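> Given only the sequences and the hints, what does the whole structure look like? Please build it.
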Amino acid sequence: MLGLYLHRDSAVHRLPAGAKMGGLLLLTAVVLTLPGAWGALAAMVAGAALLAAARLPPGRVLRDLRAPVVMLALLFGIQALLAGTGWQDAAIAVARFAALILLATVVTLTTRVMDMVDLFERLFGLLRPLGVNPAKMALMLALTIRFVPLLGDLVREVRMAQRARGVERNMAALFVPLLVKILTMADDLTAALEARGYDPADTGSQR
Amino acid sequence: MIELRSVTHAYGDRPVLHDLSLRLEERRIAILGGNGSGKSTLARLLNGLIVPTAGSVSVDGLDTRRDGRAVRQRVGFVFQNPDTQIVYPTVEEDLAFGLKARRLPRDEIARRVAAALERYGLARYRHQPAHQMSGGEKQLLAIAGVLVLEPSHVVFDEPTTLLDLRNRRKVIQLVRDLPQRVVVVTHDLDMIMDFDRVVVLEGGRVVADGPPAEAVPAYVERLG
Amino acid sequence: MIELRSVTHAYGDRPVLHDLSLRLEERRIAILGGNGSGKSTLARLLNGLIVPTAGSVSVDGLDTRRDGRAVRQRVGFVFQNPDTQIVYPTVEEDLAFGLKARRLPRDEIARRVAAALERYGLARYRHQPAHQMSGGEKQLLAIAGVLVLEPSHVVFDEPTTLLDLRNRRKVIQLVRDLPQRVVVVTHDLDMIMDFDRVVVLEGGRVVADGPPAEAVPAYVERLG
Amino acid sequence: MLSTRDLVLCALFAALLGGLGMAPPIPLGFLPVPITAQTLGVMLAGTILGARRGGLAALLFVLLVAAGLPLLAGGRGGIGVLMGPTGGFVLAWPLGAVITGWLAERFASGTSPVRLFAVSVVGGILAVYAVGIPWLALVAGLPIEKAALGTMAFLPGDLIKAGVCAFAAAAVRRAGILPLHA
Ligand SMILES: Nc1ncnc2c1ncn2[C@@H]1O[C@H](COP(=O)(O)OP(=O)(O)OP(=O)(O)O)[C@@H](O)[C@H]1O
Ligand SMILES: Nc1ncnc2c1ncn2[C@@H]1O[C@H](COP(=O)(O)OP(=O)(O)OP(=O)(O)O)[C@@H](O)[C@H]1O
Ligand SMILES: O=C(O)CCCC[C@@H]1SC[C@@H]2NC(=O)N[C@@H]21
Ligand SMILES: [Mg+2]
Ligand SMILES: [Mg+2]
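Respectively, the protein sequence lines represent chains A, B, C and D.
Read left to right, the first sequence gives residues 1 to 207 (full-length UniProt numbering).
Read left to right, the second sequence gives residues 1 to 224 (full-length UniProt numbering).
Read left to right, the third sequence gives residues 1 to 224 (full-length UniProt numbering).
Read left to right, the fourth sequence gives residues 1 to 182 (full-length UniProt numbering).
Note that these hints are calculated values from the structure, not bench results.
Heads up, a few of these hints could be off.
To be verified - Computed footprint of chain B on chain A, listed as stretches where at least three residues anywhere in the stretch have a Cβ under 8 angstroms from a Cβ of chain B:
no. : region
1   : 156-165
2   : 168-179
To be verified - Calculated from the model, a selection of chain A residues having no Cβ within reach of chain B, i.e. all distances over 10 angstroms:
no. : residue
3   : Arg8
4   : Asp9
5   : Val12
6   : Leu15
7   : Gly22
8   : Ala42
9   : Met44
10  : Leu62
11  : Ile92
12  : Gly125
13  : Leu127
14  : Gly152
Quick caveat, the model's predicted, so the values are computed rather than measured.
The C-beta atom is built at its ideal place from N, Cα and C for all residues, glycine as well.
Right, here's the structure in full:
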C-alpha cells in the first residue's frame, strides 16, 4: 500500500517537491470550484498527461486507484440512491474526487519521501517563531511513513495470535497487546535513533 | 493428521508457496528453510490462520477454509514473538484468555490455569505484568497460553530464538515431552535432531523431506 | 579503549549490574550470559545510551555521562531487531540518516552512502522501501547504517537471532572482517569461538572472563 | 521540549492511526461519510499520550494525508479528500486528540475505565462532531440539522470505540507501561 516513490528517470520526477505540491493545491482548488464535470475532466486529463510524462506504468497506478474509487462510488452512489439526488450528481462527485486522488497519487509516486519531508521542513521553518522545531517535525513525518507498514504488520500479527487462541474477534483484547508492543518498541526505537547520533537538544536547521 | 493438497499461496500477486502436497502424520515434524522460503506461511496455513490461494488444507478431515474455527481449536499455534501473542496485563489473566473465549465454566478455567501455572513453572509470576518478564519467561508463557487450551496438534514458529542456553533447553525439553503432535519451524538444528521427519523448503517448494539424518545435511549443504 | 569503573546500574529501584569494573581493550570481545543477566544493559552503557547509576564508563578517555555525543560518534550500536533500527522509509534515505544528524555536507553524505550501498551489497535495493526487504537484508541494512558513520568501536546486541544459516554466516563473516574494535552480545557460540575475549555475566556480575577456550565452557556449565 | 522518545511515540501513534485505516470503511448510505476505525486511534493517542503528544500524533497523520499518502480508510488521501464532505471530521482529529488528552491528564490519569471512557467521549466524539457537522453541511450543501441528525448514526459505533479505548488504556496503565506524564 505504501509503495510510494517509484523511481523513473523523468522530468516529473525531477520537478521540485514544492512545485508539485503547489500545483496539486492549485488544481484542487480549480476542480472544487469549477461547476459540473469540467473540473474533474481537466484534472483527469492533467493527471493522465503527468502519468505518461513520468513514465509510470498505468496498470500499476490504476490498480492503486481502484480501492479508493470503489470506496468513493459506494459513498456517493448509495447516497444518490437513498436520498434521490440523482445519479448524475453522484457521478460528478465521484469523478471529482477520483481525479484529485489520481493527481495526488502521481505526486506521491514521483516525489521522494525525503523531498516531501524537506518541503514540510521548510514550511515549518516559517512557524519557528511560534516555537515549532522544523527538524523535529520533519523527522517525525519520516518516522511515521516508515512505521505505517510496521504497524500494519503488527496489527496483522496480533490478530492472528488471537485467532490462534480461539478468539476470532475481540477488539478490546486486540488493542492491549498492540499498545504494549508499540510502547515497548518505542524504547528500542529511541535508543536506535540516539545510537545513530540523533541529538534531540540539537535545534538548528539541517545543512 | 494434517493434509495439504496442491497448496499454492500468494500475498497479493507474489506467490510464496507453489503447489505443495504433504501428508503430515508423524508425531514430530520440523520445517527448515532459508529466510523467506515460506516456512511461516506454511505454518500459518496449518491451522487456518491463513487459507491457501489455491488447493486445500485439512486437519483430521476438517477443511481450514470451511471449518476454520474448529480447526483452530484442534491446532494450537505458538508465534515466534511472544510479545504479540500475550494478551496482557498479568500472567494469570493471560492464561485464562483463550479459555474464557471458549466459554468454559469458571471453576474449570481456574483449575486449568492453576495446573498450567504449576506445570510451566510460572506460579510465582502469577500476578506479575507479563511485559516485565524476561524473553525466556515470556516464551514459556506464550507456550503455556496455547497448551492450556489442550489442542491436539501444536505448531511452533521459531520458539527458541530469544532464549539463552538454559531456557532453550527447557523449551526443547518441553516440546519433546508434549503428548501432542508437533510441527516446529526453526533454524535451530539441535532442537530437531530426534524428530521423526524434516521438511526443507526453498523458494516455496519442498527440496528435501525425510528423517533428520537425511534432510538436515541436505539443508545445511544448500545454505552452506 | 572502553573502561568501566565500579559501574552499578538499576532500573528504578531494581539493580541489574553490580559494581562492574572492566577494561575492554581487545579487538573482539563477546559478552555471554543468561536471559536477564544484564547483557543488553551493559552494551547500552558502552556508548552512553544509558548512563550508570553509579560509577563511570569512558571511551578513549571520554566520559559517557559528560561527553555522550562524542562517545556515540565513536561507538556504533547495532540492535537485535533491525525493524526497530531502520528509521527512514527507503534504504538510501535510511543510510543517510546518521550522516545528516552529523551535519555532514551533502556531497560527502552522497559519497559515503554510495560507498556503503556498494560495500554491503545493497545497491540494488537503493530506492526500495525497507519494509519490503527480508530479515537478513534488513539486518545488513541495520549494520550498514551504523558502519557508514565510521565509528571506531561497534557494539552488537544479538545480531543473528532472526537469521537463517546463510544470512547468519554472512553477518558473522562481516563482523569478523570489520577493521573496528567489536563487542558482541550473543547466545550464538559459533560466532565467537575465535574472539579474543569472552566475558560471562550472571545476575549482573562477571562470573568468567578470558579467552573463549576458558570462558565458554564456564558459561555452558553454569547454564547447563 | 520534545524528547527523542516523544518524537518516536508521536510517530508511532500517527502510524497507528494509519494502520487503523486498513480496516475497511463502512459506507452509511444517507451521508457521504463512512464509519471508520480511525477515530479509535484519535482516542487512544489522547488518552495514552496526553494532550501535546497525542495532538501532535494526529496532526502528523493529517499532514501526511494532505501530502497525498493513502492513509484514510479505503486507501484514500490527498488535499481533495480533505476538502470533501468528510474533511471537517479529519481536520478535527488533532483537536479531538488534544481535548481527550487534556481531559485525561486532569481527570483520568489512573486506571478507571469509566473516566477514560468519559474523556474519550468528550474529546473523541463531541469535539470531532462539533467541527465535522458544520463542515459537512457546508460542503455537501445539507441543512445543518440534517447533517447533525445523520451524524448521529455514527454514535453507536463511536461509543463502542470509546469503550474499547477505555478498556485498552486502563489495561496498559494497570501494567504500568507508560505513565501519562512520562
Ligand atoms: N503478509 C505478507 N505480505 C506480503 N508478503 C509477505 C507477507 N508475509 C510474508 N511475505 C513474504 O513471503 C515470503 C515468505 O515469507 P515467510 O514469512 O513464509 O518466510 P519464512 O520462511 O518464515 O522466513 P523467515 O525465516 O525470515 O521467518 C517472504 O518473501 C516474505 O517477504
Ligand atoms: N527498561 C527497563 N526497565 C526495567 N527493567 C528492565 C529494563 N530493561 C531491562 N530490565 C530488566 O533488567 C534485567 C537485565 O536486562 P537485560 O536486558 O540487560 O538482560 P539481557 O542479559 O540482555 O537478557 P536477554 O538475554 O533476555 O536479552 C532484566 O531482569 C530485565 O527485566
Ligand atoms: O475517511 C474519511 O474520509 C474520514 C471519515 C470521517 C468519519 C467520521 S469521524 C467521526 C464519525 N465516526 C465515524 O466512524 N465516522 C465519522
Ligand atoms: Mg518465519
Ligand atoms: Mg538482551
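> Does each hint fit the structure? Answer for all of them.
Hint check results:
1. Figure legend: the region 156-165 of chain A, annotated as covered by chain B; annotation consistent (8 residues with Cβ-Cβ distances under 8 angstroms, at least 3 required).
2. Against chain B, the region 168-179 of chain A contributes 5 residues with a C-beta closer than 8 angstroms to a partner C-beta. That satisfies the three-residue criterion, and the hint holds.
3. The non-interface label for Arg8 (chain A) is consistent with chain B: the shortest C-beta to C-beta separation is roughly 21 angstroms, beyond 10 angstroms.
4. No beta-carbon of chain B comes within 10 angstroms of the beta-carbon of Asp9 (chain A); the shortest separation is about 25 angstroms.
5. The non-interface label for Val12 (chain A) is consistent with chain B: the shortest C-beta to C-beta separation is roughly 26 angstroms, beyond 10 angstroms.
6. With a cut of 10 angstroms on Cβ distances, Leu15 (chain A) stays outside the contact zone with chain B, its closest approach being about 30 angstroms.
7. Every C-beta of chain B lies more than 10 angstroms from that of Gly22 (chain A), the closest at about 34 angstroms, which supports listing it as non-interface.
8. The beta carbon of Ala42 (chain A) sits about 33 angstroms from the closest Cβ of chain B, which is more than 10 angstroms, so the claim that it is off the interface holds.
9. Look at Met44 (chain A): its CB is around 26 angstroms from the nearest CB on chain B, clear of 10 angstroms, so calling it non-interface holds up.
10. The beta carbon of Leu62 (chain A) is kept farther than 10 angstroms from every beta carbon of chain B, the shortest such distance being approximately 14 angstroms.
11. Consistency note on Ile92 (chain A): stated as away from chain B, and its beta-carbon is indeed over 10 angstroms from all of that chain's, at 32 angstroms minimum.
12. Listed as a non-interface residue, Gly125 (chain A) keeps its Cβ farther than 10 angstroms from every Cβ of chain B; the least gap is roughly 39 angstroms.
13. Listed as outside the interface, Leu127 (chain A) is consistent with that label: its C-beta sits roughly 38 angstroms from the nearest C-beta of chain B, beyond the 10 angstroms cut-off.
14. Consistency note on Gly152 (chain A): stated as away from chain B, and its beta-carbon is indeed over 10 angstroms from all of that chain's, at 12 angstroms minimum.
Comparing the model with each earlier hint shows no violations; every hint is respected.
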